[in-house]
Each structure stands twice: as structure tokens, then as C-alpha cells.
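What follows is the residue order along each chain.
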Amino acid sequence: MMSLTKIRLFYVTKKQYKYKLMAYSGLFWTLAAVQTIAILLSLGGTGGWNMGRGTILFSIKTLSNEIIVLLTFLWAFAVSVILTTKSYRDGDAVFVSNRLSSNLANGAFLITYCLIGGLSAVLGGAVLRLIFFFSTGGLGIVSQNFFLSPTELAAGFAVTTLYLLLISTAGYLCGILVQCSKVFVVILPSLFFGVLILAGRDAGIREMLLQAINFLVHESSFIMLTLKAILITAVVFGIALLISNRTEVRK
Amino acid sequence: MSITFAPLFLLILIIALICLAVYGAKLVIYIGRIKLGWLLTGYFALLICSPVVLWLLPPERLSHPVDATSLRKAEAAAQNLFPVALTGRPQSVNGVRTLEWQFRLDGESLKVESSRPNPFLNVMVEKTEENDGIIEATYFFTGAILGMIDVSAQVRKVEVTLTENTLIITEPEHYKIELIKFSQDFMAAQILGEDAVRRPFVFDLIWEQLLYLRIPQGVQLQKSDYYLLSVPLEKEDAR
Amino acid sequence: MNAVECRDLIKAYGKLKAVNELSFDLEENKITGLIGRNGAGKTTLLKIIAGFLQKTAGEVKVFAENPFNNLTVSANTVFVDDNMAFPQSLRLGELLDEAAGFYGNWNMGLAKGALDYFSLNPRHYYHQLSKGMKSTFNVVVGLFARCSLTIFDEPTAGMDAGARKDFYRALLKDYLRHPRTIILSSHLLNEIEDILEDILLITEGKKLLHMPVPNLREYALGLRGKSYILEDMANSREIIHISNVGDGYAYLVVKNDITEQERYKARLVGVDITAVTAADLCVYLTSGKKGGIDDVFNKN
Amino acid sequence: MKLDTDIMKPIYMQIAEWLETEILAGNIGGDEKMYSQYQLAEIFNINPATAAKGLSILVEEGILYKKRGLGMFVSPGAREGIMRKRRDGTLKQLIFDLVLEAQRLGIPENELMDMIRMIKNGLKGEMKS
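Protein chains in written order, with my numbering: chain A, 665 to 915; chain B, 1296 to 1534; chain C, 121 to 420; chain D, 15 to 143.
Among the clues, some could well be false.
Stated by the list, open to error - Result set (DSSO-like, lysine-lysine): computed pairs, CA atoms no more than 27 Å apart in a straight line:
#1 D:K47 to C:K293
#2 A:K846 to C:K135
#3 A:K846 to C:K251
#4 C:K181 to A:K670
#5 C:K135 to A:K915
#6 C:K137 to A:K750
#7 C:K150 to D:K80
#8 D:K23 to C:K293
#9 A:K678 to C:K232
#10 C:K327 to A:K915
#11 B:K1471 to B:K1406
#12 C:K385 to A:K682
#13 D:K47 to C:K385
#14 C:K150 to D:K47
FYI, nobody ran anything at the bench for these hints, they're computed from the structure.
Let the sequences and hints guide you as you build the complete structure.
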């Protein structure tokens, strides 16, 4: 009588998660690269105000971590898509896995890099401030908003991470759809831009789109925002899981 | 997030999506090969340390906003300087600073020239009762407050000299006074509120200047680089 | 008990049926050779058994469960082919550590020993290896995972003769120590024949035969002699293969139901009766009753 | 010993013959334990099932006997049995081939017998010296 190894889903998922952290460490290198580029781009300022009076130009350059956060969003989206590509799925199938354990481990990995992404994007703002402080010696730097308070850091980290989660799961779903059928390579972008174009023409659609965006963007209660983000993330991830459960691996 | 940045964001998104679709597999292989642990560690160590270093920086090295009273005073000075000068009593404006020159003019005519092609300064001329050949030039200027920061120290002053019968006004060359202003983390702002932690910042400039000349009655003003406004206006009106 | 059971298993890609109504059982703890020519459906079949691909119709059971997307089957199955997607950022030694974490029966001592024997440096990266070295590493993982169901799909691609021989020897020795169900697919039947217990021969997704290797060696006989004499003998028999050797001579492969008396008679009339090696037989069986490549030359 | 994988004889037969030769040579005596199928599999690098088939032939022929739970043992009369079998089977087959070849070459019967006698005498001479 053969003795089968009985294996628990949780155990495999945990193993796979650790395996992914080791195997995909290269992805964090890309995060560092993307954020370094973002910091360099941010040096030029994200806005400003100028007034000329005779021979004098009075200028206020505004700086923010917007570019860093936005590029981190893009990075998270890209990484999520990459996670669903064939070579990464096949990487799972090399060792013990099923689609559920694979997806759960991906989910855990996704949360991990959203946390790291969120933290680093917020801290990127601090780096930006240091760069300006040490290059000017502090002269001409407005003290307002300069010293990031722990509250501000924590809030920035939390909200950025929540948005990263939303974007990553969206990317993950897109990736899963594309892996399911290559038709989605065409469908998804056309859907995206189609909605944008329609919103530009039709006030009703624009209103709906804005409402959808405001559902998140105008939520000023942290608890409500967290609940909304987690709910949406869970639903989107659930859909991705259902679809992926039917796909074949190592074709 | 600034609206101007949205198209760029979309463009990058499109490019990224296309690249992913076309080069996805290759990209994955390429990424996998990169393993620069120390670089990664260095980057994240820098990130972690930066807020701590930030908190250790001396705040006094930064530019702090002026208090409300000084702001109001500077504003009042800037607003009043012109109207009051037109009445012939610019020295009566509160908070206005001055630079004064005195020249003795030989002759009956005066020309006012600029050292640079495009003169900007407002010049007012008052004819005095006496005929002693003394020309008084007074440069009036208010404090300069750029976006709530006092930048008066950085504003360069005007120079006035007299050679023969020509008054030469030297305005400073082109220069820039720049402030660097950090925005609040727009992600944090969503739950903290834009103004929750600090006062609003005003993007504005408070600064006025003018040159006030007092010349003897008999001196003839020649055609000059500057438009010379005669003051006080009441006198003219009365005549 | 059967480790693998297939009933009328079909895997279709559009109209093409890569696996076509395949039915067979693999008894547990046997080494079975899955033999077939390129495109016969071996890899598809193995991937269905490993749970990677979804069957189209019919039934497939591994350890009495449907293997597709099944964690128990995955935990007890290791699938080795020349397309193992090992992550590029891990060293060979780290990969072994990971494998050890996933497979309960993993034998690290033997795996490390094998790595050493095959001169694979545990500090190297998988993607730096040559094709043969990659295959060697793959089989080391496959072998010492010691899974109840061990599947090797053309595992020796790129390996030199010495390494292949060592692998087969290692496979047999580890099998003796730790019996398990092994499926070994290869087109080099010659090399693996001795270590196999059963052979499953498929062509165009269909089963041709499934029997113990010794039976396969006695399944057919080769007759060589004058064409007209052979024609006579071939009359009432099941012919597997005919080829014209030239000069009025022919080579005939028939099913082995020749009696001792007929054998005696045949030798008297100058017909050579020879055994047909399992490898040759498989080639003859899978190429149908056509005369093989010789026919192409004879006709044109 | 190396197995010949190309000749007509199946491997399990070759295993059986090798075991017989071992017994004939006296390497394994009566009532002594025979190699197990696993030992044979390892020695010859063959599947243990094939080795088992070789052993089972010898069991059928009474050369080996099974002891429950202990394995295979050599029957007391194994040597004689093997000798008898070889005389009846192997030698007859060889003689058949010999006669057939002689017929093809057109060698008359008495000449064939002379050749056999000559070789036999030669072997004797070698053995003496």
C-alpha cells in the first residue's frame, strides 16, 4: 500500500510564499530602480509659481512625492501582471502546488510588495527632502511640510498601501485574464481607453466614472477607506482566483 | 494629484502595458537574473534612515513663514506706498524703508537715464519751492514677502548717480529669488485633510518700490528713459 | 492497487486529439516506459497525469483522485522534463533546499551526493548550466524527491552517454531502496529497456500495447529469407512489418505464434528466424505496416 | 557478467542461465540461499521484476524452492537437474544447429562425426597437459 504524503493547503501556501520571496527578490531591485528614477524626476519639481518684477524673478518651486507614488503604482501593476505570466506560473508548478495554493501565495506576496512599495514610496518623500536640504544647506526651503511627522508618514504609508493593493489586484486580474486568453491583450486596453473616451463625450458616463473614483478618493475616514479597499481587493482577487482555477499550467 | 500629470501617467501606463504584452516573458527572465543584494539593502537602508535624519536637521536653517502681524504690516505698506506717494508724502507710509542720495546740479536742465535698456522702476518727481540746485533722490521699498517667507534680504537695491546733468539709475541685473516648498504627501492628505496639520500657504508676492526725486523748481526735465510722474497730483489739479 | 488509471481519456486541441480514447492502468511501484514517436501524445498524457492539463473527456485517476489542480496529487508527484522553470535568482543548492521543503520524502544526502558526483556546483545558477547539465540537475530533483509517482518526460535530453547511464543506474538503485511508481518516457528504448518492468506504447494518442518488457521481446519474430518463401509463411499471420532487403530477399516481422515445428521447417528452407528487439518492434509497430523508410527509396 | 541485450534470448532467461552456471560451478550449494530479485536487479542493472521472472523459471523447474518469508533456496538436487536439462535442451539445440550447418555445407555424416571426435580428443589432450 502506498503511503501518500498528506499535505495541508496552508502549509504549501506558506512554503510557496517563502519560496517566492527568495525566488523573486529581483523584483524588489526593479522597485529600487523605478523609485530612484522617480526621485530624480521629482527633483525638477511637480509644480511652481513664478512672478517677474522688473529684473527679478520670484519663484516658488513645489516638490512632492507624487511622481514616486505614481511610478510605484505603475511598478506594482506591472509586477502583478508579471506574476501571472507563464514562466512564473510554471515556476510554481515545478514544486508542489495547485492553483489555489499558487494564487494564495501570490496574494501573500502581493500584499508583501504592496507594503514594501507603500513604505518606500512614502519614505522616498523624506529622501527627496534630504537631497534638497543637503544641496542648499536649507536656504530657501520653506519649513512648512518639510519635517514629515510620524502621523503623516503613517497615514501616507497606510493610504498608499491601500491604493497599491487595489492597483495590484487589478493588475493581477488583468494578467490572469490575458493568460486565460490572449484576446484580452486587445480587449483590456480598449476597454480602459474606451471608457475614458466615452467619459470625455458623455456627461452621464463621466459622472458615473467620477462617482466610482470619488467612492475611494473622497473617502476621508481611514476605517471606511480600509474597508472599501479590502472589500474591492477581495472581490477582484476572488474573481482572479476563480478564473485561474480552471487554467492549465506548464502547457 | 495634479491634473497636468495625468496625461503623462496615462502615456507611461500605455507604454508599460504594451511592453509587458510584447516583452513580458523576456523581461521576466531578465529581471530574474539581477541579484544585487547589497544595492537593494543599501537603497532600503537609505529609505529607513531618511526620516530619522530628517528629524535631526536643524529647523532654524529653513525659511519660516512670517507671522500674521508682520504680514499685515508689509501688505499695508505695499498697498499704501503708491497712493500716498502720489500725494507727495511717501515718507509717511509705515514700514517703508529708504535709501537716500543728494546731488548738486550745475545748470538748468536734468536728464534721467537708466543704465539698462528696459527700465522698470517707477520714478516720481516733485519740484521744490527753493532753487538751491540740490537734487534729493529717495528710493522707497517695502519688505519683500514671497509666499509668506521674508526674502527682503535677497532683494537687491537700486543705485543712483549724477554725472553732469544726467541722473543715472542703476537697477540690478536679472536675478532669481527661489523658494523650495514641499507639498504634503497627497496620499496622507486624503485622511488627514489638506489643512489638518498646518496653515495654508499663500502663493503671493508682497513687494513695492519707487524712486522719489525732489528737484529745484527752475530745473528743466529733459526727455528721459523713464516716465517721470509729477507729484503731488493735488498741486497739478489745483493749478 | 493502481497508481494511475485512465479510461477512454481524451485530450483535444480543437479537432486534433493529442490523447485519443486511452485506457490503461499503471500498477503502483512499477517502472513503466512510455514509448512513442515524436508527437504521439506522450507529453500531453504525462501532463494530464501530473495534473497540469485538464482532460477533455474520459476519466483519469491518480491515487484514485482526479489529478487536475489537485494538491494531494501534486504533493505526491514529481514531473521532470527539459522545461523546468526554476527561478533564476536561486543557486542550485538553494533550489535543493526549496525542494526539500516541498517534498516530504526528499533525500538531501543523496541529492547533494549526486550533485557532487555530476560536478554540479551548488553555488552556480541553473540558467548558467549547459543543456545536459540542466537535465542532470532536473533528474536529481526528480529522483530524490522520492514521490509516489515520479514522472520523467524525456529526461535525458542533452545528457552525454555516461551521464545517461549513471542516471539509469541511479534510478534503479533508488527505486530498489525506495520503490515507487515511475513513468519514464523516452524514444531511446534501447537504453531504458532493462530497467523497465512494463512498456506502454502509444501512437497518435492511442494505445498500441501495454505489457511487461519480457513479453514484448517475445511478442514478435523477424523472418529473413527469399521473398517467395516468406510470402508463403506470412499468409495466415499477423504481419507487423515487411521490408524488401533487395535481391529477392525480404525481412518480415510477424506476431510470435510460430510453433516449434514451423520453426524447424523454416530453418530447413533457409529462413533465418531472429528475435526482434523491443526498440525495433516499437518502431515497426508505430510506423504501421508500411515498409518504413526503405519503401521511400524503393518506390522512387 | 554482462548481459547481451541483442541476442534472441530474453534477459530473464539469461539470468536463469547465469544462476544455473553459478550452481553448477558450486558457488551456491544445496539448501543455500539464492540471490534475491533485488540483489540480481542491482547486479545486472535490470528491473527486479525481470530478475524475479528468471528466478521463477528455476522454481518451476525445481532447481530453487521458496521458503515463506525467507526467500529462495537452492534445491538439494539442483546440480543434477541443471545438468540433465542442459543435456536435453541446450546440447540438443547445439547439435541441431551443427547438423543443419553441416547439411548446408554438404559435409557427410561420417566426416562430421570425425570432426567431433577430433575436437573431443583435442580437448582431452589439453586437459591432460
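Does the structure break any of the earlier hints, and which numbers would those be?
3, 11, 12 and 13
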